[in-house]
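Peer 1: Here is what each chain is made of, one letter per residue.
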Amino acid sequence: MGDMVGARPTSRAQAWGAEVAALSRFLALHWRRSAGIWVATGLLFAASKVFQPQSLGSSSLAALWPFAAVLILAAIGQTLVVQQRGIDLSVPGFISLTVVLVTHLPNGNSAKLGPAILLAYAISLAAGLANGLLITRVGITPIVQTLGMNAILYGINLGISQGTPTQTTHALQSFASTSPAGIPLPLIIAVAAVIITELIVKRTSSGRRFEASGANAAAGSAAGLRGNRYQVSAYLGAALLYCTAGVLLAGIVSQPDPFQGDNYLLPSVAAVALGGTSLLGGRGSVVASAVGALFLSQLQQFVLATGASAAVQNLVQAGALALAVTVYGLRLRPGRLLGRWRGRPSAATQPAEAGDTGPGPYDGRAPATKGQTGRASP
Amino acid sequence: MAVTAQDVRVLRLAEVWKSFDGVHALKGVTFEAQAGEIHALLGENGAGKSTLMAIAAGSLRPDRGRMELRGEPVEDATPAAIRQRGLSIAYQHPALVPDLTVAENIAMWLPSQVRSAGKGAAAWMRSQLARVGCTAGLGQRVSSLNVAQRQLLEVAKALAADPAVLILDEPTAALGADNSATLFAELRRLAAAGVAVVYITHRLAEVRELCQQVTVLRDGTVRGSLPVADVSDAQLLELIVGRAVTTEFPPKTAAAATERPVLDVKDLSARAFHDVSLTANAGEIVGLAGIVGNGQSEFLRALAGLGHASGTVTVRETALRTGRPEAALKAGVVYLSADRLGEGLFGTLSVRENALVSVLGQFSRGGLTNLRAETRAVEREQKELSIKASSPESNVLSLSGGNQQKVLLARALLNQRATLLLADEPTQGVDVGARAEIYRILRQVAASGTAVVIVSSDIRELEGLCDRVVVFSSGHAVAELRGSEVREDAIAHAMLTSTRGRRQEESRSGAPEGALGRLGGWLRRAGRGDYAACAVLAAAIVVLALYTQGHNSRYLSSFNLTSLTVLIAALAFISFGQECAILTGGIDLSVGPLAGLVVVIGSFFENAGHSVGVLVAGFLIMLAVGLAVGLLNGSMVQFARFTPIVATLVTYIAIQGISLVLRPFQGGYISFSIIKAINRSAGPVAIAFLLAVVVAVAMEGALHRSRWGRNIRAIGSDRAAAFRLGVRPAVTVVGAYVASSLFACVGGVLLMAQVGVGDPTQGVTYTLASVTAVVLGGTSIFGGRGSFIGALLGAILVEQLLNVTTFLQLSQAWQYWFQGVLVIVAVGIYTQARARSGGGLAQVTAG
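First to last, the sequence lines map onto chains A and B. Position 237 (the first sequence) corresponds to 296 in this note's numbering; numbering is contiguous. Position 182 (the second sequence) corresponds to 1256 in this note's numbering; numbering is contiguous.
Bound conformation, chain B alone (with noise of 0.2 Å):
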C-alpha cells in the first residue's frame, strides 16, 4: 500500500489512559509508528504493551486518549472496522477460532477489499500461508494445529490483509529458527515496500537484528523511544528494568545447603520440560528464571501435581506421584499460581475462607469447623502479613492485588504442615508498595523452615530475593547460579544468550497400540469427521428398519411410511431449531411446549369453515409468537444474561402455562382440509419429509459457506476470538435463538396436523427428542460444530425407535429408555472422541 511522504506516521496513539479495576494499565501513553519502518516495543509482562496494542486494533476500548490511522481520527473502534482501515495484528495468543478452518479463519480476517473469491482463492491463501512458512492445510480445523503452526497462521492471517500498519505480538515465543528466519525476512520486504511494522518482544537479540526503532513500556509509562542504534543492550535492559524504582529486597539468610533437601526433583520431563533435575533446601529461596514460556512455569505446576511428568519429585524423603494435586497438598505444598482470579482465589468468598480453604482439618473440633478459631487465625496473619481488609469476612476480590496476593500466602503460613512453598510470578500485578512487603513474606516463609521456590519474569526480583537461580530456556535448565553469582546481569545474559535452540515441537504422539489403541484411533477419526456421526447414523436407522421389517411386515408399508415420514419432519424442524441454538454453545429448551402452543394457537383459528382471512390470520400469529420467544431467549441470554439453559426454562414452563390458560381442556378441532394439505404425500412419502431434507441440505450449505453460517460456528467455538475476529455477537446469539424459534413453529404446524385437535400437552416431548436428535447427528453440545443433516439424521432414528416400539409390541416405556439412554450413550462418546482427537484441546484454552 503505497503512503506518501507526508503521512508517514501511519499509526498514532496519543495520551492513551486504560485501567482495570482501578489498576492503570496504561497511564497517558503516546506511541508512534512510522511508514517503512519495523518498531520494536519492548517492557516488561505487565509493562502494558500487549493492552496498548489491544487498544489500537480496536478489541479494548481506551478510558481516554485518541487514535489516529493513517491521518484520520479513529472513532469507533471495533476490530472489524480497524481492519478495514489497514491496520492488522497477530495477537500473542492468536485470534483463531478453533473449530474452523485455516482457511475460515483466514477470510474471516480479510477486509473487504481483499477478499478474493472463486478459484484463485484458495491458491491465494495458500500463497500467503508459504509467505511465514506456515504448512498447515486450508481445510485443516484450527483444533488440529500444534502451538507454532498456530502462530504462524496468526502471523500469515495478518499479513494476509495486506496492511499499512501490521502489529505483531512476540510472534517468535512459539517458532524455531527457520521459521523465524523467514519471518524477519519477511517483514523486512514489507518495511522496505512502506509498512508501518510494529514489533513486541522480549528478545533483546531480536531488536538488533530485525528493528530501526524502539519504544520502551514500563508500568503503563512510555520510558523512551529511540533508534536502535542509538542505545546499547545495558542502556535498553535499564529502561525494561527500571533503576529509578527501588525495592528493598530483605537480606538473604546463609543457604542451609548442609540439610537434606526438602525438595529433590530428578530428571522430570514433560512436554513443556525435559529432564530437569532440582533441589531445594528448607530456609531458601530458589528462583526460576527464564523468558515467559520456557517451561519454567509448567515445571512448577507439574511439582503442585498440576499436570503429569515422568522422573521423580520426592518431598521430604517421600516420593510424590505427579498428576495428583491432593497428594502434593498432603505432602505440605503449597501451590500460588500466577493466574490469580483463575486459579488462585475463590472469587465470591471471604478472606477467611479463601485463606483457610487446604488447611481447615486445623480448625476442627468434633467434626466441625470453629468460626472463632478460624477468625482468630486469619486475623493473627491479617496484622501479621498487614493485609488490608476491612474484616476476615471482606469478599477476597474486594482486595487489591497485592493484598489478594498476601491473602494467599496466609495460606502457607497457616499450614502447620507446609513444607514448600511454591509462587509461580508472586508480585505480578501487585503494585510497587506491596512487591516489598511479599518479599519479607516470602522470607519470612523460608525462615519457617519451608523451602521456596518461585517462578519470575523479573530479573531484579530474582536478583534481591533468591538464595539461588536456575535459568530455563527451551524447557531445560541450562545455568545454575549461586551466592554472588545471582546477579541481574547473569541471570539476563543466560536467559538471552542461551545458544540452545527451541525444539520444533512434536506431533501429537500416536495412541497407544492394541484393543484399547484401536478403539482410540476410531474415535479420534469419529470426531475429527463431522459426517462420520451421519454415517453411522444413516448404517443404524438401515439395520434398525430391516430388523424391523422381520418382525412385522407392516412396519414398511405405505401408510406406516407416510405418518412416520411426517412425524419425522416434525421432529426434524424442531431439531434445525435446536441445531441454531447449540452451535452458539447454548440449549434452547423451550421449542417443544412453543410448538404445543402452535398447535393450541392453530385449534382457535385453523377450524373448519373458518374464512381464509382467519386461517392465514392464525398463521401470521404463530409466525409472531415465534418471533417474540426467539427475541426474549435472546435477550435473556445475551443481554440479561441468563445461563441459556434458565433462560430458556423459563420460556419452557411460561409457554405450557399459555398452552394451558388457552386450552385447559382438549378442544377446537383442525379443519380436515388444512389436515390433509400438511400432511400430502409424494408415493409413500410425506411431501413435509421432502421439505425438511431440502431445508437439511440448504442449511447444512449456508453453515458451510456463507457468512452467517460462519459466524455462528466461531461464536459458538470461541467467543472471544470470534468476537476479535469480527463477529458481532448480539446479532448472532439473538438471531439464532429466533431461528430455533421459528424452525419449532414450523414444527408446530407439522405436529398440528398430526394430532388434529387442540391438546396443551403436545409438544413439550418434542424438546427432549431435538435435543437428542442433535447430538446424535454429531453436533458438540460446546457448540461450534454442527451438521443439519445429521440433525435430520438423528431426527430420524429417533421417530423411528419411537415407532419402532409399537411394531416390536415394546411398551411406551421403551420410548423413555431409548431417547434417555442414546442421548447420553452419544454425548459420551463424541465428548470422549473429540477430546482425544484434540478438540479439547480448544476446549481447554475455550474454557
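Here chain A stands alone, though its shape is the one from the complex (with noise of 0.2 Å):
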C-alpha cells in the first residue's frame, strides 16, 4: 500500500484506477460494521423462502413493506439521536400523537387532511426541539427528558383522542396503498428518506462533523466544533422522520388506536443496534440501521407464518436486541483499546475518567447515564 500512497495519477485510467482502490478500501474499511446486517437478512429471506414461504407471500409482502417503511423512518431518527450519544424513548409518543392528529382532526374528512398534517409535524418540531434545547442547556440526560416528552406527548394524545381510535380518513388511505410502479408509496418515502439522511450525514460537512462530534464532543469543542448544535438537530431530524412514519401508518392502518406508536420503541432501538451502530453514540450507518429495521420486520412475518402469538413477538425482539448488542460489543476492539489506556494513571489520564470505556484498571465503566458531561466513548 506504501507506494500508492500520495502517488499521482498520470493518466486517466490511472485516474480510475486510483478512484476505484480508494472506494474499495472506504468501502471495505467502513461497511465492516454493518455487513453482519446484511448477511443477517439475506440469510433470513432465504431462510424465510425456504421454511415458511408463505411469509414471502405476495399478501405477506403487501404487508412487510409499509410496515416495514414505517419502522425504517422510526429506525433513522433513533440513529440520529444515539449518534450524539442520547436515546430517544419518546418514539411511541411522537407516533402515536401523529396518527391521532390525523385521523381525529379530519375526522374522516379528507379536506382537512392537509392542516392536520401541517400541525403533526409542528407540534413534532416543537417537541424535538425542546428535547434538544433542554438536553443541551439544561442538562436533563436524555433518558429522563425522552421518557418524560412521551409522557407530554400522549397526553396532548388522549386529551384529542379520549383513548379511543377512529377511522382513517379516506385520502390518507389511498395515498398509503398507492403502489407507483409496483412499489409501495410509503416504501418509496422511507428509502428516499434514508438515501437523503445518509447523504447529509456522510457527505456534508455539517453531517461529518455530526458524525465526530457525536464520536467525542470533547475532541469536537478542542476542534472548534459546535456539539450542542449537533444534539439538537438530532432530536429535531428525528422528530421530523417519526412525524412522517406517523403520518404513513395512519394511512396504513384503516383505524389507528392512539396507542399505535408502542410498538415501535424497542425495535427502533433493536434496529439501531442490529446495524452496528454503537449504542454510545459516534459513527453510525443510517442504511444499517434500516436494513436493521426490514430484517426485525421480515423476523415478524417469519415468526406469524410459524403461527406463534404476536406475543412472542416481543420475546424475540428483545433477544435480537440483546444479541446484537452482545455481538457488536465483543467485536468492539477500539473501544477496549481505549478502555485499557484510560486505565493509565498518567498525569495526562485523570483516573476518575478511566472507568467510560472497557476494562480499565478496575472492574467496570461509568454507566451511560453519566454520558452528560462526560466524554464519548466508542
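Check the hints yourself; a few may be wrong.
[What the hints assert, rightly or not] Simulated DEER-style distance windows between Cβ atoms:
#1 A/181 to B/1440: 30 to 40 Å
#2 B/1709 to A/170: 52 to 62 Å
#3 A/181 to B/1617: 28 to 38 Å
[What the hints assert, rightly or not] Sample of chain A residues lacking proximity to chain B, with all beta carbon distances greater than 10 Å (derived):
#4 97
#5 107
#6 112
#7 166
#8 168
#9 169
#10 171
#11 184
#12 232
#13 236
#14 316
#15 324
#16 377
Keep in mind that the hints were calculated from the coordinates and are not lab data. From the three backbone atoms N, C-alpha and C, an ideal C-beta is built for every residue, glycine too.
Relying on the hints, combine the two individually framed chains into one complex.
Peer 2: See below:
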C-alpha cells in the first residue's frame, strides 16, 4: 500500500484505478460493521423462503413493506439521536400523537387532512426542539427528557382522542396504498428518507461534523465544533422522521388506535443496534439501521407464519436486541483499546475518567447515564 | 507499627513490567523502600512513577513482576487487601468519592484493624485531619471541598490507615507553604517511628529538604537509586532528563520579531492563571515552561476558546472572545490537547476523518464533500509527515502514539486559514524516534507562517525546539528567555527556584446579587441538602390535598384514603427498587412490566379455592422470577457491558411478551381473602402503606449507616475512586439490580390486590411513575446520592396527582401531563442546582 500513498495518477486510466482503490478501501473499512446485518437479512429471507414460504407470499409482502417503511423511518430517527450519545424513548409518543392528529382532527373528512398533517409536523418539530434544548441547555439526561416527553405527547394525544380510535381518512388511506411501478409508496418515501439522511450525514460538511462531534464531544470542542448544535439537530431530525412515520402509519392502518406507536420503541433501538451503530454514540449508518429495520419486520412475518402469537414477537425482538448488543460489544476493538489506555494513571489521564469504556484497571465502567458531561466513547 | 531490624525492606517490587497497548510504561523496574526512611521517587511525566505506585497499591495489575510487603510475597493484590497489609497511598488525583462525606471517605479507606466506631470515632477522625492541617468538616461532602482541601484529605486518609509503608504521589502539588511545612513535619515524625515513606515529586528542593534516598525513573527504567546526600542537583537533573537519549532538533530560525505579532495576549486571567501577557510572531515557536499544574495548560486552553478568561486575546488583529472554540477555529487557531485520546482524536473515525474534521469546507463541491479530494489531500500529508498507516481509511486508534499525534498535526497543515497552532505536550506518549519527526513538523508549521505555542514539561524539548520560552509559576508568567538564554539550565532554574508562593486557592466566589443571585443561592442550597427536596415535596403534598379537599369534600374520606394509600404503597415499593438502580448511576426500565408479570403470575396461583401450598408456591415463583430478572439485568450491565437503559429495555419488552403469552386476555380472579389480607387497613390508612414507610426509613438508615449503602452511593458517584477505595463493583451493581427487581415484585403483589385479575397490560406505566417518584425525591439521575424517604414522598405526590385528576374531573390526559412535566422539571431543577452547588464539579471530574 505504501507505494500508492500520494502517487499522482498520470493518466485517466490510472486516475480511475486510484479512484476505485480508494473507494474500495473506504467501503471495506466503513461497511465492516454493517456487513453483519446485510448478511443476516439475506439469510433470514433465504430461511423464510425455505421454511416459511408463505411469509414471502404476495399477501405477506404486501403487509411487510408498508410496516417495514414505518419502522425504517423510526429507526433512522433513533440512529441520529444515538449518534449524539442519546437515546430516544419518546418514539411512541411522537408516532402515536401524529396518528391521532391526522385521524381525529379530519375525522374522516379528507379535506381537513392537509392542515392536520401540517399541525402534526409543527407539534413534532416543537417537541423535538424542546428535547434538544432541554438536554443541551439545562442538562437533563436524554433518558429522562425523552421519557418525560413521551408522557407529555401522550397527554396531548389522549386530550384529543380520549383514548378511542377513529377511522382514517380516505385520502390518506389511498395515498398510503398507492404503488407507483409496483412499489408501495410508503417504502419509496422511507427509502428516499434513508438516502437523503445518509447523504446529509456522510457527504456534507455539517453531517460529517455531526458524526465527529457525536463520536467525541470533547475532541469536537477542541477542534472548534459546536456540539450542542449537533445534538439539537439530531432531536429535530428525529422528530421529523417520527412524524413522517406516524403519517404513513395512519394511512396504512384503517382504524389506528392512539397507542399505535408503542410497538416501535424497542424495534427502533434494536434496528440501530443490529445495524452496528454503537449505542454509546459516534459513527453510525442510517442505511444499516434501515436494513436492521427490514430484518426485524421480516422476522416478525416469519414468526407470525410459524403460528406463534403476537406476544412472542416481544420476546423475539428483545432477543434480537440483546444478541446485537452482545455481538457488537465483543467485536468493538477500539473501545477496548481506549478503555485500557485510559486506565493508565498518568498525568494526562485523570484516573476518574478511566472508566468510560471497556475494562480499565478496575472492574467496571462509568454508566451510560453519566454521559451528559462525560466524554464520548466508541 | 514496629518493624524489626531484619526486615527493614518493608516494600520490595522486583522486575515489574507493565505495558498499555504495546507501549511499555515499566520495563523491569526493581524498587525497594526501607523502614524509617523517606524515599524520593523522581522522573518526568510519563516516566512510570505513578504506574509503579498504582501497582504497589493494588489498583493496577502488573504484566509481570513480584511484590513483597513486610517480608511476605503479595499474590492477589486488590486495593483493600494491600491496605489491610499495611500499605497506604495518597494518589496524585485523590481517590475520593465526591458525593460522600469526608468521614465516609476516610472510613472506607481504613483497614479493619484501624476502624473505630462509637463516640470516639468522630473525634479521632478530626484529629487525623488536624495532623496535616486539613480544615474540612467531617460531614462535608467531598464535592464541596476545593482542590487543596481534597489533597490534604487524601493525605490525611492515607496517614489515618496507620501504615507501615506510606506512598505519597505529589502531595504538595496543590498546597501552599504552610500546609507543606505541616505535612513535612508529620512525615519526618512517621519516618522516625519506623514507617517507610515513598515520596513522589517534581521539586528538587523538596527532595533535599525531606528525603534520605532517591530513585530516578526514566522511560520506565530505573536510572539510579542513591542517597540524596551523595548527589548534586545537576546530577539529578541529568538522571531525570537523560543525556543518553539524543534527539535531533531542527535548526531554529531567526525569530521574525519585526512583524506585527500573530498572537497578542494582554493581561489574561482566569482561575488557574493571572495577568498573563504574551505575543507570538509568524514563524516562531514559543514554549510555555513550568511544572505541571502551574496554569500553562489552562492558559493554552483559554487561547483555544476552551474556558472563559478576562483580558484580551488578539489573533491577526482580530479580537477573540474566550469560551468560544468555534470562534477560535474561525480565526485559524488549531489546538492539540495533551489528552490525545480524550480530547484530541475521534476514536471511532478514520485517519482521513480525523485529519479533516475542522477543514471539511475546503473539500466540498456544491455542498457535498469530495472523497477523492479528501483522500488525495490526506495521502499527501501522510507522505509528507511520514504517517505510518496502511491507508487514510485506517482507524486512527490503530496507529501508534507518535503517528496519532502526526495526524492531529496534519490538521494545522491542511487548514488553509491556520494562523496559530497551540500544542499541549506535543510529544507526550510518543516514542523517541517519532519525537524528532514531530519537532520537524512543528518547525515546518512555523515556517509556513503559522505561529506555534507549545506547552511542555520536558525542559530539553523546550531548549531544543523553542525560539522563546516563557516560564509559568503559580499561574504567573515569571520569566521570559529568548535567543541564547533558551537553555536547559536556565529554564530549570527559573522553574524550580521561583520564589512566588502558590496562592492559597480561594473559596468559591459568591453568586451574583439580585433576583437571579437569590434564585441561584436557593438552588445551591436545594442542591446541597438531601432533604430540601423532601421538604418541598411534603409541602406540595399537603397543599394539593387541601386544595382538592376544598373542591371535593370526598377527597379526604376514609374510603379514598384507604385506596389511595394502597396505590401509594405499590408505587413506593417499585420506586424503592428504582432508587437502588439509579443510585448506582443506572436505571431500571423493567420494574413496571415486572410488577405486571407478578400480577399475571398471581392470577394463576392466588385464586379462590387453591390450597395453601399452591398459594405459597405462587409467591415463591414471583420471588424466583424477580431474582432471575434482577440477576439478568445486573449481569447484562456489569458483565456484558450493556448500557443500563438498553439492558433493562430488553427485559422490559421481554417481560411484557411473557405476560402476554401467559395471559393474552384478562382472566384468573385473585382470591378475595388474599385481596382483603393485602388491603387491610388501620383506620383509614392501609397497612401496606405503613409498611412502605417503615421500609423507607430502614432503607434510608442503611443507605447512610451501613457499608452496603456507602458502597452503592460510592459506585454511583465515582466508579474509579470507589474501586480504589476497595468497593467491589460487580457485587454492588448486580446486587442493586436484584434489589430493584425484588422491590418491584413486592410492588407487584400490592398491585395484584388492586387489580384483582390477571391483566397483561398492568404495571407498564409504573416504570415512568417510579422514575418520576425517585427523581422528585431529590435523587441524582447520575447516581451517588439519593433518599428512600424522598422516593416515598415522590410516590405519594405522583399517586396523589393521579388520584386528584378524578376528583377535579380532569381527563385521563392530565395524568400523562402531570408525570411528564414533573419528571422533566424536577430533573431540570436538580441538575441546575447541583451544577451551581459544586456537585456539578463532581460530575465533570467523574465524567
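Peer 1: Hints broken by the structure, by number, lowest first?
Peer 2: 15, 16
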